[in-house]
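> Given next are the chains, with one letter for each unit.
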Amino acid sequence: MLDGAGAPARGAYAGEYILEVDNVRKEFPGVVALDDVQLKIRPGTVHALMGENGAGKSTLMKIIAGVYTPDRGEVRFAGRPLVIRTPLDALNSGIAMIHQELNLMNTMSVAENIWIGREPKYGFGLIDHGKMAAMTRDLFTDLGIKLAPEQMVGDLTVAQKQMVEIAKAVSFNSDVLIMDEPTSAITETEVEHLFRIIRDLRAKGVGIVYITHKMSELFEIADELTVFRDGKFIAAVPAAEVTRDQIIKMMVGREITNLFPKIDCEIGETILEVRNLTLPGVFEDVSFTLRRGEILGVAGLVGSGRSNVAEAVFGVTPAASGQILIDGAVVDIKSPPVAMRHGMAFLTEDRKETGCFLNLDCIENIQVALLSSGKVDNRGFVNQREVNRLAEEFCAKLRVKTPNLAETVANLSGGNQQKLLIARWLLTKPRILILDEPTRGIDVGAKSEIHRLITQLAAEGVAILMISSELPEVLGMSDRIMVMHEGHVSGFLDRAEADQVRVMELAAK
Amino acid sequence: MATQTLGAERAAPKAHRKLPSEINILLVLIGIALVFEILGWIFQGQTFLGNINRLKIMILQVSVIGIIAVGVTQVIISGGIDLSSGSIVGAVAMVSMSFAQAGDYARAVYPALTDMPVIVPVLIGLACGAVAGTINGLLIAYTKIPPFIATLGMMVTARGFAKWYTKGQPVSFPTDSFASLGAGMMPVLIFLTVAAIFHVAMKYTRYGKFTYAIGANPQAARVSGINVETHLVKLYMVAGTLAALAGIVVAARGQTAQAGMGMMYELDAIAMAVIGGTSLAGGRGSIIGTSIGMIIFGVIISGFTFLRLDAYYQEMIKGAIIVAAVVADTYRQRKKMKKA
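Heads up: the sequence lines are chains A and B, in that order.
All residue numbers for the first sequence refer to the working numbering, where the first residue is 1 and numbers rise by one.
All residue numbers for the second sequence refer to the working numbering, where the first residue is 1001 and numbers rise by one.
Hints listed in this document are in silico derivations from the structure and should not be mistaken for laboratory results.
Values in this document were obtained by computation on a predicted structure and should not be read as measured data.
Relax, there's no trap hidden among the hints.
Okay, derived cross-link-like pairs now, DSS-like style, lysine-lysine, Cα gap no bigger than 25 Å in a straight line:
| no. | chain 1 | residue 1 | chain 2 | residue 2 |
| --- | --- | --- | --- | --- |
| 1 | A | K334 | B | K1234 |
| 2 | A | K352 | A | K214 |
| 3 | A | K429 | A | K397 |
| 4 | A | K375 | B | K1234 |
| 5 | A | K249 | A | K40 |
| 6 | A | K397 | A | K262 |
| 7 | A | K334 | A | K375 |
| 8 | A | K352 | A | K397 |
| 9 | A | K375 | B | K1203 |
| 10 | A | K204 | A | K146 |
| 11 | A | K334 | B | K1144 |
| 12 | A | K168 | A | K62 |
| 13 | A | K232 | A | K40 |
| 14 | B | K1144 | A | K352 |
| 15 | A | K249 | A | K262 |
Could you build the full structure based on these sequences and the hints that come with them?
In structure tokens, the structure reads:
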């Protein structure tokens, strides 16, 4: 374990650890979610909690937040046993949490969202909006966030919303701040911003638990790290003493030598061509070609119009002008069914919003696109046996981990949900596959499996358009990279000439 | 989260089915029936379930609303609601009866069109329901107004139409063939046929699968290539047509049509679906569940009557049972999600 003095604690407590999880065990019917795990957080440090999806990180966070009670073991905060029944209890006792999903009210202003339940008041309990705005401005100045307190949260971009969440968590002046994958929806620039905030908080003595899947972030920000695997505590080490490969080995229990195993394959003729595609105010004059067996990576900041172009090509929100050619012929893709008829498939960016049917089972999730393509039915009657057979085949191929395919999808981990969605599209045997953030928020193991699958598909001749905010992914996987900036294509880079700096130069201009 | 075990990693996941969720509802039905049986012996000194006649009457009472409930169930599964079905019953009862009057009746609505073959009033009635449902569907799919508002509008309009049609006069004296549509156990037979058709449609056809998908996540359904708008129009058209069928049966059974027929049927139908496990959030429910919900509904009404419970209490308890069903369902859902 660790030795040496941590930074001095900020609050009244001067012990070694501000938050201690001691031999906590939690069982659910049929599964041991946590098997006597530990986690020890020093004040004034950033402590990364690592592990694949399903390793038990979220379960532990839910125990700390009071959602679950542990079967055994203890959680101590500032040396005393922690008793938490509601998220409000957690906040009051000095633990703030930023969840993976956004928890904001879209129809209320930024200031109202931050101070909800703690609004400054005049006499008679009336809310002092002026003071609330001033408090928000102070908070934002501290954190370097450029947003007006009056702005409606619903009008903000996902990245801006994430910043509001972070500001809200910081506003509680907690001793412990837990961040569950705070960077999954934001781009490099905002990540830098977030890291500045985290360093400030660390200097003030806050203990920060940072859950992430991204190795690069880990080495940039974390002081110490704890690794879980399959609900078990594996190790706790100072971040400076381990290498990336060692961590991956601890997480998956096996070596992953190459995270992005792009195999060279033959690139065939042009299958998709986009000419001067324009949707005023969103993207303009976008042109590119995509060939058989090619992976065209699309890089750019969030809000640069990448996803909108993909939606236009697939007919979700058709462009106002411009042409789409498939096999050299102009096609009018006015809705997703038309795109599918031309052999396209589209894995959307947001798994929960536009991907999964969370309360339906695996089969029902997998079969939708195949059914709407009309290939497996006889006058409207579905050949369920055939559908099930295909679903089983693809789930085995993609190594989907689920007790059975009648399991409700909400109960699967993010990586498995993503695999199901990929299976949904592979069932339709697409020639053109559009992937929008194919590995967002999923663990290293599932990620490399998905990468392997993508190259395999390219080798089979599928043309792939892959949007990603993770530069290493774009650089490692793509044959060519298209970079977008504020709705325009700012340049193309070949695999050989592309590196992080060049891409970022084009993306940020 | 931790649903994965090392064992599951090796074995390829199988598409095996769990116990149908309708089992729960069936157990509730059996429980309620047994309670009435026991109360019957205690307070009335006689059997509740053993009286075949009582059971026949019970099932007849609920079958007509059951026909509506089948249509409403598929609408609710898609994430919508239909409040117009009761009024469509009233309007269609009037219209179809006006084309089904016997020739020997002096004051027919259309004296030139009496003694028509039974198919004429039936088709005209069904067409009226289909049109009303299509209007609902078009409004919901293309103007994006909430289903609650669109069908509320139709509910008021269709009732108004029913009253305007004969300026409030009842329409009576149908031909024998038309009257036979509501005679004896015919309503039960019609219900069973409709339920069987839609059970198959919801479970084994694209129509059904798309309905569940749209209810579970309309955006994902759209991106997956489902034409959500046209599907919604179909769903509401079917719901309107089934409400019309119920209207025809009601008119035939009563051998008269009045503008006020079918009042509150929409709420009873929604209640049957909800008691049967259909989730108002969309994506979940089944025709079998709704059919059991319908019988539960019938057992409760007939049980209270059997116990000579005052009608006022009956209404109040009915309301409480509907709420209890939803609470139980919500609780079950939360447990299911939390297991992860």
